[in-house]
Structures are given as structure tokens and as C-alpha cells.
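There are 2 protein chains.
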Amino acid sequence: MRKFFPFLDWLPKYQKKFLGSDLVAGFTVGVILIPQGMAYAMIAGLPPVYGLYASLFPILIYALMGTSRQVAIGPVAMDSLLVAAGLGALAITSMEEYIIMAVFLAFMVGAIQLTLGLLRMGFLVNFMSKPVISGFTSAAALTIIFSQLKHLLGANIPNSNQFHQMIVNAFQNISTTNLYDLAIGIMGILIIVLLKRWNKKFPSVLLVVLLGGFAVYFLGLEGYGVNVVGVVPEGLPSFTMPAFGMGRASEIFSIALALALVGYLETISIGKALEEKSDKETIDANQELVALGTSNMVGSFFQSYPVTSSFSRSAINAESGAKSTVAQVFSVLLVVITLLFLTPLFYFLPNAALASIIMVSVFGLIDIPYPQNLWKHRKDEFWVLVITFLVTLFIGIKEGILVGVLVSLLVMVYRTSKPHFAVLGNIRGTDYYRNIYRFEKEVIVRDDILIVRFDAQLYFGNTNFFKTQLFKQIEAKGPGLKLIILNAEAINYIDSTAAKMLVQVIDEIHKREIEFYIAGAIGPTRDIIFTSGIIDVLHKECLFVRITEAVKYFDDPANISLLGKNVAYQNRVIGN
Amino acid sequence: MRKFFPFLDWLPKYQKKFLGSDLVAGFTVGVILIPQGMAYAMIAGLPPVYGLYASLFPILIYALMGTSRQVAIGPVAMDSLLVAAGLGALAITSMEEYIIMAVFLAFMVGAIQLTLGLLRMGFLVNFMSKPVISGFTSAAALTIIFSQLKHLLGANIPNSNQFHQMIVNAFQNISTTNLYDLAIGIMGILIIVLLKRWNKKFPSVLLVVLLGGFAVYFLGLEGYGVNVVGVVPEGLPSFTMPAFGMGRASEIFSIALALALVGYLETISIGKALEEKSDKETIDANQELVALGTSNMVGSFFQSYPVTSSFSRSAINAESGAKSTVAQVFSVLLVVITLLFLTPLFYFLPNAALASIIMVSVFGLIDIPYPQNLWKHRKDEFWVLVITFLVTLFIGIKEGILVGVLVSLLVMVYRTSKPHFAVLGNIRGTDYYRNIYRFEKEVIVRDDILIVRFDAQLYFGNTNFFKTQLFKQIEAKGPGLKLIILNAEAINYIDSTAAKMLVQVIDEIHKREIEFYIAGAIGPTRDIIFTSGIIDVLHKECLFVRITEAVKYFDDPANISLLGKNVAYQNRVIGN
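For the protein sequence lines, the chains are A and B, in the order given. Letter by letter, the first sequence follows residues 1 to 576 of my numbering. Letter by letter, the second sequence follows residues 1 to 576 of my numbering.
These aren't lab readings, by the way, just hints derived from the structure by calculation. The reader is advised that the hints may include incorrect statements.
It does not matter which identical chain is meant; a pair holds if it fits inside one copy or across any two.
DSS-like mimics (lysine-lysine), calculated; alpha carbons at most 25 Å apart, straight line [stated by the list, open to error]: (1) Lys477 x Lys272; (2) Lys418 x Lys272; (3) Lys540 x Lys511; (4) Lys379 x Lys16; (5) Lys272 x Lys511; (6) Lys467 x Lys3; (7) Lys200 x Lys565.
Remember, it's a predicted structure, so these values are computed and weren't measured experimentally.
With the rest of the complex left out, here is chain A (with noise of 0.2 Å):
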């Protein structure tokens, strides 16, 4: 029970002095929500005020269920976008069927989360690496400012998932951009931008929405043709099933899954981010799946659409001081009065504001300096990065994901597949032995002793390579040549195929009449050269701790100390 409610534990224990600073970060963050939570529903393709109804319930239950002390969540950018791309492939016709359809949605991504989280498979975010997660962001940052290019032209640009299509579009209708719609949104970019400078904490966003409001309205700009987001209805969200169903479940779910992970690694890198600015460490990678899925299917039966973790509000959060998910609690309190009695209010809205707001929010997750730094050291993540980033934006959203995953995936494979192989040599006046290429002149090399070191686990994928360049070392000896020496150090794993693999070149080997000694296999490798009938080939006593000792058998075998065997021969199959 505890387990699955972390607030049975902290609530006892909390201070009352904590309520202040929990008080002002959930005002000051709920500040943000309410208009970003309206931009973000509009990134999703869906009226303003569903931003409002996932910032309510999903909250309360994270509130409750959630191990991060500071993790803000509600509507956020990235996933709404994934939305508007998910359900743009649909065949929908009305906006109602839309919504339907959002929330269901919200509803399948929740329970693919806490699926995920029941089985503790959180551990698949993993699979997410820096590169692919900087290039599939900064690809979506740039299609959402695009998407929101119309509303801040005031043009009719259709929608498009695609980049290049979305460049076409724009271009088309450019001409029917309104002047008025672009003042506003200007404005309100360099308010945001200049106030950010000055202080991060000002809520610049309430301004723009605020001054946004007022130049409509006092200034009659609606007959000027400028788009305000119109009637809000007022009031709660009630209780309604979501609209189940199996086709429609299928239809969705790969979009689903693509929300349920890339949110949930959302949530789960921003929250152990700041957990890493405070002291105290209570994230729970699979709670957070728990916490986040409940979260969503909860939400999905008042008419929420998918939520997850917000780094601008989750950010704000801490630094305004926030103790606890209580604050969190207060953020929604304000947005319940603000559906209660405050819609009337955002009828003169007008939507440039919203789109500036999210194109300044969603600017900064354009990363540049670490595919620069990535270009210097590591040519091989960058092309990861950029194919992620490429595919992204031409393609898909969820492609982007799955290309990137497997590409990098593929990457260490292939590099896996071709390891370092490396020949060593004794360096002179130590028992070490290190690569002849490295410590040229340090380095002895005999001419009856070949040792060489194989940096990676052997498996399928570098047998061959293995074999290779093993025989091609051989060849290069000469017919001096009486032992060779397997550095094992750096292989960490036999499987089966390089096992047979190894039966046969110590079988080749013993009929060229030289010998073949592994030293310094770690226990897992010993586990394997003991059960997978290598050591049939190999006999115990050309196992050997470290290569000066396998040097000095050779040399005489009566060299040999007790304790380097027993080190040399343990394993957990046959016993010492």
C-alpha cells in the first residue's frame, strides 16, 4: 500500500512550515499551467479548455502516487504534439470524435504506463540514449514552432505532421497572414524573452495572456480579424467513461506506446534532474510509471488527454521552493476556480498570445551545443543524433523514436561486432602487458609467445572477426611461434556460437603444435569456459590469473603457485 502511495509516508511527517513554501510554488506554477495548459491543447488540436481539464485530476493523483517531491505534470508541449500527430493519421471527421478520441487515447497511454510499471519495466527507457532523445527534441521543438506559425501569422496554414509540407503550406498562405494577429504574438515573444532576462520567476506568461486580453478587448481588435480562442465553457469535467473499444484501441496504440514512453521519460529525467540539485534521493523508476499511468487513466474519466511531466513548471516548482506534491495541490486548486468562475475572462484571448508563449517555451529545447560536442568526439552518436533528428521531422514523430532507438542500438552492435583486437607485449622492467602499438619502444616482444587481448564479449556477431584476425596474427609469427596467450580480461561473455567457434581454433591450434593458454577470464567467463566444453579442449592448467604467470609456466611449468591455480581454476560448476 505504501508502496503504491508514497504520500502515506511523507503526509505524517509533514512540517507545517513547509505549507508556506508549498503554497507559493503551486500559485506560482498554476499561474503558468492555466495558459500553457490552454496553448498546449491547442498544439493537440483541441479547444483551450481541455489543457484546463488535464490539469486537474492527472495532478491530484500524481500528487498522491507520485516519488518526486518536485515533478510538475499536466499538458506539456512534446506530448501534445505527439497527439495532434497521432490522431491527425486517423480518419476523424468532427471535432467531437476528436476529443473522443484524445482522451481515450489518454486513457490507453495510462494503462500502457502502468502495465509497464506493474511488471517494473521502466528500465526500457534506457534504451533512449542522449543522442536520440537531443535529436528527436530539438526536431519536435522546431515542428511545434511551425505548427504554431499560423496562429501567430493569424493565416489559414492547414496542418501538417510534416516538416516540409508545414514549410510549403506556410509559404502558400503567407499571403494571408493579419497584421494585428502578428503584433500580438511578437509582442508577446519579446515580453517573454526580455522579462526571462530580468527574472526568471516573473510570471511573464500571465502578462502576455493578460495585456493579450485587454488590447482585444479595449481595442475592439476582433473586428480586425484578429483569433481569440472564443467561449470557454464553465465548470468541472465530469464523470464519463471513456469511449473503449478494441478497434479503436488498435488504431492508436503504437501512438499510445509512443506517448506512454517518451513520457514517462520525461518524467522520470526531469525528476531525477532536480532530485540531483536537492539532497535527498526518493525517486522510484517503476512508482513512476505506477504513479504516472494511474494518473492518466484517472484523467482520462474527466475528459483529460495525455499528460506527463513539464520542465518549464517542473522547474519553477523548485525553484519557487516547492517541499512537496502538496503544491501541486494548490496549481489545481487554481485552475478549479479558474473553471469555475473565471472562463468568461478568456473570451477575448486572442490566440498569438498562446502561440507565442509555447514557441518561446518550446525554443529552448532546441539543443545546438551538444550535437556540436558530439561532431568532435564522437562522430559515430552524431550521425545518431541527426538521423533521429532528421527522421523526426520529415517523417514522423513515432518514427523518429523507433529509427533513433534502433540505430543506436545497431551502432553498438556494429561496433561490438568489430572490436579492438589488440597484440601486447611485456613492458620492459614490469610484469605488465599492454598493446605493442601504444608502448612501441617500452615493449618486448618474443618471438615463440604470441598474446593478444579481445576487447568485447564474444558472441555471433564477432566470432568470424574474432577467428580472423587471431589466424591473421598467426600467420604473421611465423613458424617460431609455440604459445599463444588470450588476454580474457576484456571478455566479459562466451556465448554459445563463439564458444563452438573457440572449440574449433584451440582444436586447429593444438594440430599447428602450439600451445594456447587464457589468462585473467573474469568468473562468468570461467562459469562458461568450464560448462560449454571449451575447457575439454583447453585443460585446466592452461588457465592462468595474469599473462606474467602464463609466461612463466611456459617457461617452466614446475613455476606455479597454489593460490594463482585456485584463482585461475574457480568457477561455479565443477568446483575448484
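Keeping the supplied structure of chain A fixed, place chain B upon it in accordance with the hints.
Okay, now just chain B, sitting in the frame of chain A:
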């Protein structure tokens, strides 16, 4: 030139005494090739004569370009099944169109193989691990056996690519069995099986063909409804352009790719297996791709369908003493004679006899001992085999290969995502540091030093795991901890995600006023430590060659050898 046509090298050195061996081997193989070729064409869904067409030019080209001396190429069972599975999925209405597509498929397969060969992508087949090959082959063999049931029974059983559908079809139509067909089939199976036990080189396949034909002719079995091969067109195939077309190419691309890879895999593995038994290594992996690709492409201009190396015929070729690919030229000669003069003889050849030949030859491909062995020692690889087997059997051949390769890569990735993490202690009386759980009695553990070893490359997939495990051990040590030594011998790579994590982790450890040393980093890892910012938080003095030196330095910073320093700090970036 010599690279692409190895015969230019060996033909001038060809010795007269080889001719006898090659003649015997070539005719022995040819006698089996003719009935096998016709039978395999039946598997592919083609008229039997196309098996003979596929035994002409492809074999001649391979004789000129191949690097193995004993591989016998031509039509084979597995690839014929792939052809049937691939073309069966297309909307082809007439046999003429089917033949055109099969020939075009050969062209595509050849083009892909040639391209891969010229790009030196032969290493791709390394990714088909032994469990995948075994599972795939066993499933394909079962599929082939059941696909021949209709010929063996003489029953009207509709074709299907899926095993369960085949079984259903067979049961529904078993009543249409023709007992004469069945009798011929069972006789054929018994003859081949029993004669093989007696003498492996005896051309039992030819005997079955002859006996079957005579039985039908002299006993007038055609009148009893026995299905026969019927009219086989006389003469050699003429030069015809394959039916090129982009639409067609894209339709069959995936099956062509599967055929290209599977075919190549068969050739290279058969070639290597035969080579291991002989004294000389001649096989060049990429030239084999070029040779096979050219064979298929040239063949397609003379009505050949996709070919590759046959396991049974290659074995017979080697056992019969083939010295060079000249043997194969004699096989082709026999096929030419057959096509020119002997086709009328095949009229009475019963299909059931051909089916019996296929069933026996393919039955041997079902591999039982290997999965048994995996079950004992490698549960993970056993499941890879079973998944590949089941997907191949019940979903499809292409899908089986694809899923098999992906699953085996996933297993590899999963393994590296949760690698072995060992806490080390000093083994009494030595300077070895080993896993405290493997050497519980012999080990000394100091309260102020935590020594850990991580047995995998550090990459995005396991950074979180590393961090979690490390801090778990730090917590377990308690406040007396003053030094952490990371044994990096088995860390063969650090990617950018992991490097970032390592910097953070070292920072955090320093904040707790604990020192952090790295011991035993190999060359490539040292380079990364120096380029990726790790050195900025770590300082050069914290790098050591061995744990024992790190411990000595910690106890007395004056106690460090210059030689040790030079080795520990060596890198390709900043210099010593």
C-alpha cells in the same frame, strides 16, 4: 581481374592427375543433380525442367568465379521453398507469369548479392547466430517435408506457406490419397534410407528415379491415376532478358533480400565447413558474394531461378574427390546431355518418387541435439532458437529470419544492459583482487575502500544500471568509505551517454568526500577518458594500471612507480 576470376590463378597450375578425380566427382554429383534439380523446382512451384535450367549457367559462372574448390551450387530445397513462399504471396494468375517472376527473382537476388559483395558487406551474415540458423533450418525442413505430402500421397492438397494451414489442408484432403502414389513414395524413401546406410556414395536417388519411371511405364500405373512429371521440353534454354520492372522489383525486394542472404549464408558456411577438413584455405567471403551474385544474374538470362550451394551435393562432391571447380563443369555436361537427348525419358517419372527424394534429403536438416544442448546450458539462446523455429513455421520464412536476428540481437543487448557487477577484495597472500562472493574465504575486504568491477562496455543501455549498482554498494559500505576503485579492465567502451553519467557520478562521489580511482583501463578506454571530460573531474593521478597499485598509492601517495604512471596515463589524445 584475378581477384574476380580466381580460375585465372589456379587453372594454369591445374595438374593432369586432377582430371580423373574431377571427372568422377563431377559425374557423381551430376547424376544426383538431375533428379534433385527437378524435385526442387517442384518445391519452388515451377515445372521440373526449370531445375535443370538452373543447373547450367549458374554452375559454370561459379566454376570461374568461386573461391571454394568443392562447393557444388545449383537449385536447393531451402531456397526453392523461399521462392515458393515469396511468389505465392503475390497475385500471380498464370504459370507463365509465375515463371517470369521466378527468373526475375533470380536476377534480383544476384544483383543484391553482387552489390553486397562489391561493398564488402559479407560480414552481414555474421548476425545470423547459430540458434537462429538452426531454428530456421529445422522449421524450413519441416515445411518442405509437409509441402511434398501431396505428391507423396498423390492427394489434392492445396498449397500453403503456413504449417498449421498445411496440416489442416492435409487432413481435409487425406481421403483423396492415391495408394499407388503412396506406395511409390514409401518405396522411394525406404530405398534411399537403406542404401545410404550401406554406402553413402551410391547414387540411390538415381535408382529411385529409374525404378519409379520403369514401374510406371511397365506396370501402366498412369492408368491408376499415378501423377507423373509428363512432357519435359527438349533442348537448352535460350537467351532471354529477365522481365525488368520497378513495380515488380519492389514487390519481390524483401524476398530477394532474404534469398540473397540465406543463399550466401549457405554457400559460405558449407564452403568453410569443407575447407576446415582440407589443408588449404582459399575462401574469400566477399568474393563468394560476387561469384554467387554473378551466377544468379547470368543464370536469370537463361531461365534459371535462384541458386546457391547445396549441402548434400557439396558433401558428395568433396567425398568423391573433387580437386577444383572443373568437377562442376562435368556435372553441367551431364545436364546438357540430359536436356538435349534424355528429356523424353522423364515423362513417366512419378512425382511421388521425386517427393521421396526431397523428404529424405531434407529430413537430415532437422536438428535435435543442438537445441537439447542449448536447453541444458544456454536457456536464453534456446528460446531464441524456439522463437525462430515457431515464427518460421507458423508465420513465414522471411519473418522467421527477421524475428530470429532481431531477438538474438535483443538478447545480446539485454545481456549488456544488466551486466555482471562484482565487488572485489584482495585475495590473501597475493596482489589479486577478485569477486568477494566467489572467494569468500580467501578474501580480505577493507572498510575504507570499495573496489568494483563492471563487466561490459558502458553505454546508454546500462548507465542507469551502473549508477544504481554503484550507489547501492556505496550505501552498503557506510560512512567509513574513503576510496572507490573502479576496475575498468572489462569496460571496453564508454559512449557519450555513459561518459556524461560517469562525470556526474564522480562529481557526486567527490562531494561526499570520497576519492575515486580507475584501475586497468585499456587503451581505447583511456583515450575516451581523456577526450570526454572524465579526466577533468578525475585527474590523471587517479588512473592506475592495477588495483594493487591504486591501493598502495592511497595508503602512501609517495609510493608510485614512474613506469606504472606512464602506462596508466598513456593515451592517443594528450600524450603521456
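Hint-by-hint comparison with the structure:
1. Lys477 x Lys272: Intra 53 Å, inter 23 Å, cutoff 25 Å: inter-copy only.
2. Lys418 x Lys272: between (35 Å within a copy, 20 Å between copies)
3. Lys540 x Lys511: Intra 19 Å, inter 46 Å, cutoff 25 Å: intra-copy only.
4. Lys379 x Lys16: neither (53 Å within a copy, 56 Å between copies)
5. Lys272 x Lys511: Intra 57 Å, inter 17 Å, cutoff 25 Å: inter-copy only.
6. Lys467 x Lys3: Answer is between; shortest inter-copy Cα gap is 23 Å, intra-copy 51 Å.
7. Lys200 x Lys565: neither (65 Å within a copy, 48 Å between copies)
Of the numbered hints listed earlier, those contradicted by the structure are 4 and 7.
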